[in-house]
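Chemist: Under the numbering used here, the first residue of the sequence shown carries the number 222, and numbering increases by one thereafter.
Hints were generated in silico from the structure; no laboratory data involved.
Taking lysine-lysine pairs in the DSS-like style, the calculated list, with each CA pair at most 27 angstroms apart, reads:
1) K295 with K308
2) K417 with K398
3) K285 with K398
4) K333 with K308
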Amino acid sequence: MGILILANAVVLAQFTAKTFEELFQGVYNSPLELFIPRDGQFPVKGHCLNSQLMSVPDCQAIIKKAASRRLGEKYGVNWLPETSPVKYQLHFTILNDQVTLSLDTSGQGLHKRGYRAVGNDAPLHETLAAGMIQLTRYRGREFFWDPFCGSGTIVIEAALAALNRAPGLYREFGAQKWACVPGDIWQQVKTEAKDKEFNGKYRIMGSDNDGEVKSLMPPANSSQHYFLGWAGQNKASWVQPKIAAAAPVDSDGKKWRLYIDPATYEPVIVKES
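Using the sequences and the accompanying hints, generate a full structural model.
Modeler: Below, the structure is given as structure tokens:
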């Protein structure tokens, strides 16, 4: 088969292997040298399911041996130094005796979009939050409010959807450091993505009464504000709630209720007596 390029991997080979010899030959005949340079690191990881070959460590060793022999012969050396700081992660899947050998292009998982530095005890995956936003068909034309926003993942993804920002625009991908990929291609793609962004007006807000997660909300980890909102032009702003009492909210254990002023969309908090 030819080389298949996916969102997070380059598939180098697919073949049947019921023995270690078949696994070795399948890897040995893969065009590894098109991507992995002479000094490149190429660690191996993967998994097996419902196959004759079920020992992951043994399969890792066989694949590493076959890849080393292939690359050594192509580069005319008996030993590969693997001294480059760039990693070319080999990944294998053996399912029902069918082997898929690929190179990981993303590095960190694609659910990490580049803006989450820290999270709460149960952070929502960015991709799951983005999927939830897509199900609502929200495109930034209506008022959006997440009243229990936690560390703000859904609110942030709503803002990115309103902006029409490309996922992962400000994160790094493993393949960006590959010598076989021209560096200017990445900048070209980023420029094209930025040109498609929407710079109109939109109104997005998130709120939470948990002090621990409030401290995790962007843009500053030290912020203790209650609300995070966007008003368009890719600008995030924090606003303090209007409190109908002199004492701080929940400082004395009393319950409070939150309302949205329909005229201004401003949050209003009222303490119960």
